[in-house]
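Chains as they are written, first to last, in our numbering: chain A, 1 to 491; chain B, 1 to 364.
Quick caveat, the hints were computed from the structure, so don't treat them as lab data.
Please note that the accuracy of each hint is not assured.
What the hints assert, rightly or not - EDC-like, lysine to aspartate or glutamate: derived pairs with alpha carbons at most 20 Å apart: (1) B:64 x B:304; (2) A:101 x A:225; (3) B:64 x B:244; (4) B:185 x A:225; (5) B:359 x B:96; (6) B:265 x B:244; (7) B:321 x B:311; (8) B:321 x A:345; (9) B:359 x A:183.
Said to hold, decoys possible - For the chain B half of the interface with chain A, some residues (derived, Cβ under 8 Å), not all of them: (10) 158; (11) 165; (12) 179; (13) 183; (14) 189.
C-beta: ideal position from N, C-alpha, C; glycine also.
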Amino acid sequence: MVDALIEGLLAIFAWPAFGLMLLGIAIGFFVGLLPGLGSVATLALMLPFVFAMTPMSAFAFLLGMYSVTNTTGDITAILFAVPGETSSAALILDGHAMAKKGEAGRALGAALFASFVGAVVGALALAASIPIIQPLVLSFGPPEIFALAVVGVSLISSLSGDRLIKGLVAGGFGFLLSTIGMDSHTSIPRFTFEQTYLLDGLSVVPFVVGLFAIPEIVDLAVRGESIASSGSSRIDNAFEGVRDVLRHWGLTIRCSLIGTVVGIIPGLGGGIGQWVAYAHAVQSARDKSIFGKGAVEGVIGPGAANNSTAGGSLIPTVAFGVPGSIVMAILLGAFLITGIAPGPDMLTRHLSLTYSLVWIVIISNLIVVPLCFLMLNQIARITHVRSSLLIPFLLFFAFLGALASTGDIGDLFLLLVFGLLGCVMVALGWPRPPLLLGFVLGSVAERNLWLSVQISGLTWATNPVVVVLILIALASFGYPLVGKVRRPSAS
Amino acid sequence: MLQAATKRPIWMVISTMVLSFVLGIPSLSAQSFYAGKTVHLMVGFAPGGAADVFTRLLGRHLGKHIPGNPTVIVQNMTGAGGQVLWNWGYTRAKPDGLTLIGATGSFPIKQMLETPGLQYDYRKVHILAGIRVDNSVMASRTAAGRSVEELRKTDRALLVPGESATSQSFMLINLALDMFGIKWKPVVGYQGLAEIRLAMRRGDADLQLEAGSVYLIGMVPLEREGIAARLMQTGVLASEGIFERHPEFLDTPIFEEVHRKITGKDPSGPKWEAFKTLAALYSMPGIYWLPPGTPKDRIEILTDAFDKVRDDPDYKADSKKIYGFVVPSMSMRKGGVAFQKILQETPNEAIEAMRTFVKLQTTK
């Protein structure tokens, strides 16, 4: 196995794979930096070039590009609240709040360094767990995934702060929104109002950009000053963010591992890892009231998790051909085009190729993160630019990003609707993350619940893994409440 | 196109006319039409999927066989299982021979099943030649039974997985099981074939049916590991309208052979008609059509180009790399006639049987 690990590493440095990886990294860097222009559109654009490449070159190119967009996508989430990728949405909550306090540099430093640690820890965890991955993946059937979705829902109590009832209502509303579209169980369209656009359900990019970015842009316009409020006088430095990550090293590593596990489980989807990590950061912090107002822990958690999720989701893709996200589906296409059949062979006979993929994630981050640090302090100064200069660009990229997801004009309407909803929720003090979490988990939960019932009636509910997961869900839901009850009596 | 020609200097037009006459090139106007233009090859599914990969393979080689060597680009317009693209292609795409709409068997099936929101009529579009020919192969989980005979002996209802109650593979499996008198129950809601293969590994699915080209990549490993056993294939639709064994699956019996062996008679009845129609459509997973009203000469040129692609050694090499064999294609001029016939003259009996089947599933 060590042989395969080393062989996989050496394969990356062979020409032309390494050169193509650098090219991919360069493209990914700029795509990630442009708010709204996601990795999905870019990877799809690059797919035709793959025909002429060897498997190793193709993956070095595409995966190098993807891991970098994942890292630099965090930057726009923090600076402008416009996530470069939907997987960086959780960074907005505290990252952008820090930017508004004038700590954009520190937030960026923390997010990028956590991303880097996440990529390395996640990749090492993957490398170590490859021998047990097949039984691990096979032990997660529809009942277990349903139970995991319930665990995810239980995080709403942590994501709602002290507004639990509002959080639950928002989460429930998110669940309802996830039922829009063609129901695969009955093949009957639900709440589509005869619009073909709605048959596939609401698309997540306009949902996220509308809910989180539009209210911030409106806020920026209303305040009429720069993103960072003028009052902040403290020196802002990206390296302070690095020190924050080192200070919270336990949290960073735990969130990296959370991301890897969420990524490995097929059918759960990559967008959830960041929220689990964020909720974990909230739960493990002593002072929970600082979250949402610029807590660096709220940046470190999701920052570490989203890169390791990307690494983890490689596994179901290469070993079982089950892509965890649209990006992974494109990579799967690249596998086919270059003549590689994904399957359990990738964990045995072609292990060195699988390890190469893991190495590409590590090495491309190894190259990009230090490069980013050279310019983070300069990038952070953009938060001191007058809002009237920034707003047109931000709106342009927000709309472009929403439209890029499917190219349907309906995406723009959806962006406006969710932008409005986001503004109303902010104005009335409703937490937004539960709405998104409910929406993302709703379809996972419903689909897997129906599959479980069709396969085995109700007997699945007594599976040991399901029982344990439901208990974890109860504990995770109850824990913040218990804390709340005890605190007043203690004071 | 005539205007395009008159914009050029007159001597060029004349000399091209003379040249084309000498060289026997059919139509000047259409030929100069494609020069410097961009042909859009549209896919209704997401990048990286089976339909997308095949279209990109085709798009890579199509341009050089169209006179004037236009640039060919592959563009994805996703949504509602292809419906968004097909509606757009029928109602909004310009019928100028520059936009080719990619489709699958569900293009006609959606219409046969009266899916709401359709804005096209598959009988009125022009289907191009050079279509990919495939079969579909059915396998069972070895723990449930290794052959149809063994499956007939099990008392419990077999778990039949599907993406939805209207997906072709789901319907094909169930129609086949019904004709063999095997009990089954549906497990629908999986996202894609790979998830179903995973379910088979776990024991949550007893049967699977996939297009042959995909089966070779995805299911053969499960056969090797002893998890799945191959039962039969639908075969490919030959020019005479009968099903034959696919060249890559010469050892696998087709459904009719298995049916004869087990029941002693040929399959018949509405379920068989529905099965035949679905199997025929499944054997053509890559249909490319032109919006109604496209000029005849451009249809001819594109048809020629599709015919030439399949004899192109570069295309063959690429196809071999991806699928392990050269994906055969069928010209609408020759063997495709049988396919056209199935499309134009689908027996009402078959359509009725499909509708009844879907209704039964969706009202459960």
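For residue 321 (chain B) and residue 345 (chain A), compute the direct alpha-carbon distance and say whether it is at most 20 Å. Distance of about 18 Å is within 20 Å: holds.
Quick one, are residue 359 (chain B) and residue 96 (chain B) close enough, alpha carbons at most 20 Å? violated (39 Å)
Under the criterion that the straight-line Cα-Cα distance not exceed 20 Å, is the pair residue 359 (chain B), residue 183 (chain A) satisfied? The given pair, whose Cα atoms are some 15 Å apart, holds under the 20 Å limit.
Does the closest beta carbon of chain A sit nearer than 8 Å to the beta carbon of residue 189 (chain B)? holds (5 Å)
Take a quick look at whether residue 265 (chain B) and residue 244 (chain B) sit within 20 Å of each other, Cα to Cα. Within the cut-off at roughly 18 Å; holds.
Can the hint on residue 165 (chain B) be confirmed by a CB-to-CB distance to chain A that is less than 8 Å? Result: holds, 5 Å to nearest chain A Cβ.
Within a Cα-Cα threshold of 20 Å, do residue 321 (chain B) and residue 311 (chain B) meet the stated pairing? holds (16 Å)
Quick one, are residue 64 (chain B) and residue 244 (chain B) close enough, alpha carbons at most 20 Å? Distance ~32 Å between residue 64 (chain B) and residue 244 (chain B) Cα, so the pair is violated.
If you draw a straight line from the CA of residue 64 (chain B) to the CA of residue 304 (chain B), is it 20 Å or shorter? holds (12 Å)
Hint validity - residue 158 (chain B) Cβ closer than 8 Å to any chain A Cβ: violated (12 Å)
With chain A as the partner, please determine if residue 179 (chain B) meets the hint condition of a C-beta pair closer than 8 Å. violated (23 Å)
Status of the residue 183 (chain B) interface restraint (C-beta, 8 Å, chain A): Status violated, d = 15 Å.
The earlier numbered hints that this structure contradicts are 3, 4, 5, 10, 12, 13.
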